[in-house]
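So the protein sequences, as listed, match chains A and B.
To convert, note that position 6 of the first sequence is 6 in full-length UniProt numbering; the numbers rise steadily by one, no gaps.
To convert, note that position 82 of the second sequence is 82 in full-length UniProt numbering; the numbers rise steadily by one, no gaps.
Using C-beta positions, here's what the derived DEER-type ranges look like:
{"hint": "1", "chain 1": "A", "residue 1": "F13", "chain 2": "B", "residue 2": "N72", "range": "30 to 36 Å"}
{"hint": "2", "chain 1": "B", "residue 1": "G122", "chain 2": "A", "residue 2": "E163", "range": "35 to 41 Å"}
{"hint": "3", "chain 1": "B", "residue 1": "E163", "chain 2": "A", "residue 2": "Q3", "range": "45 to 51 Å"}
{"hint": "4", "chain 1": "B", "residue 1": "L191", "chain 2": "A", "residue 2": "P6", "range": "50 to 56 Å"}
{"hint": "5", "chain 1": "A", "residue 1": "D81", "chain 2": "B", "residue 2": "P6", "range": "49 to 55 Å"}
{"hint": "6", "chain 1": "A", "residue 1": "P65", "chain 2": "B", "residue 2": "Y101", "range": "17 to 23 Å"}
{"hint": "7", "chain 1": "A", "residue 1": "R16", "chain 2": "B", "residue 2": "G157", "range": "51 to 57 Å"}
Calculated from the structure, these hints are not laboratory results.
For every residue, glycine included, the Cβ atom is placed at its ideal position computed from N, Cα and C.
Protein chains: 2
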Amino acid sequence: MIQHIPPRSGAAFRLRKGQRLTVIDPEGGQVADLCAFSAADSREVISNGRTIDYASRIFFTTGDPVYSNRSNVMFEIVEDDVGRHDFLLTPCSAEMFRKLYGDDQPHRGCFGNLAAALEPFGIAPDQIPVAFNIFMNVPVDGETGAISVEPPLSKAGDRFVIEARMDLIIGLTACSAPLSNGGSFKPIDYLIA
Amino acid sequence: MIQHIPPRSGAAFRLRKGQRLTVIDPEGGQVADLCAFSAADSREVISNGRTIDYASRIFFTTGDPVYSNRSNVMFEIVEDDVGRHDFLLTPCSAEMFRKLYGDDQPHRGCFGNLAAALEPFGIAPDQIPVAFNIFMNVPVDGETGAISVEPPLSKAGDRFVIEARMDLIIGLTACSAPLSNGGSFKPIDYLIA
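Whenever a hint applies, use it, and build me the whole structure from the sequences.
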């Protein structure tokens, strides 16, 4: 059954070893921040640093394993209609909206949405790492190191599918940052099978 | 007084707000992994994701603030003789030496050295984040996302200086990975003032 994450909100749920999580961009041009924790011990967490090191690459797609801070494979990417995602940036947050957008009364962002959704699983805000930002389009200039946040390349109905390699707790959002989704706030759908 | 970190080892120490840490590459071509924790609460930790997001850049040098997972400035880079460092990769580890070098009986790496040095401060191995890898030379291909680990650009005596913006616990290594330092294992010197 397809689950629905409304615009600027988030969800958390268990994904057992061998199960597949399908993340769908129902309208196109939206980002979903995904973070993952070991269900057995939430101190084991998704790690961009280990994943980049083992792949010798900062971009990931079908066939790529995603590692934890303990160097274990947490999940593998098994389908990807888009081919461009970000694994460099932390989830958008109230502090980020203050600093980068100048908001006086900022939204709590994906960070706040993840913190609220993960709280029932005993996961504290400080444990939220750099997320795997599905459909987020962040080109990197290899000469200067400059990055920019561009509209996602995803079209309506595009899918991104992972298969769990250990029992996981997943946090997932419909991104709250205007830049990430070209100024629109849209939902994200997902399916566990 | 200059402190000496022997090849393939590490150290940990306090750096008070306003103090400067000078990291020196005494022979040239060596890397020092630096991680930082708030002395008041070690759950507040250096964050590559926040620092990259706020700078819109993956490379950092003089004048750049480095942020924690709570979006506070932990330290600022105040001098930099080299201008190229890495903030993408996790410290080298036994698991990394197994996976990338095929070592059967791997060295514990910077990760193991940091874990041992930080243990007296009550910091657990799982808390060790992506480090700021001083002098580490990791070019990124903006088209493919491919990274490579190249010999550092540092020459003998080159310095990198940070000033603390909060009371910190610092972990610092003389890197253990052959690729990071062009196949040589060299010491790192540092000075607190």
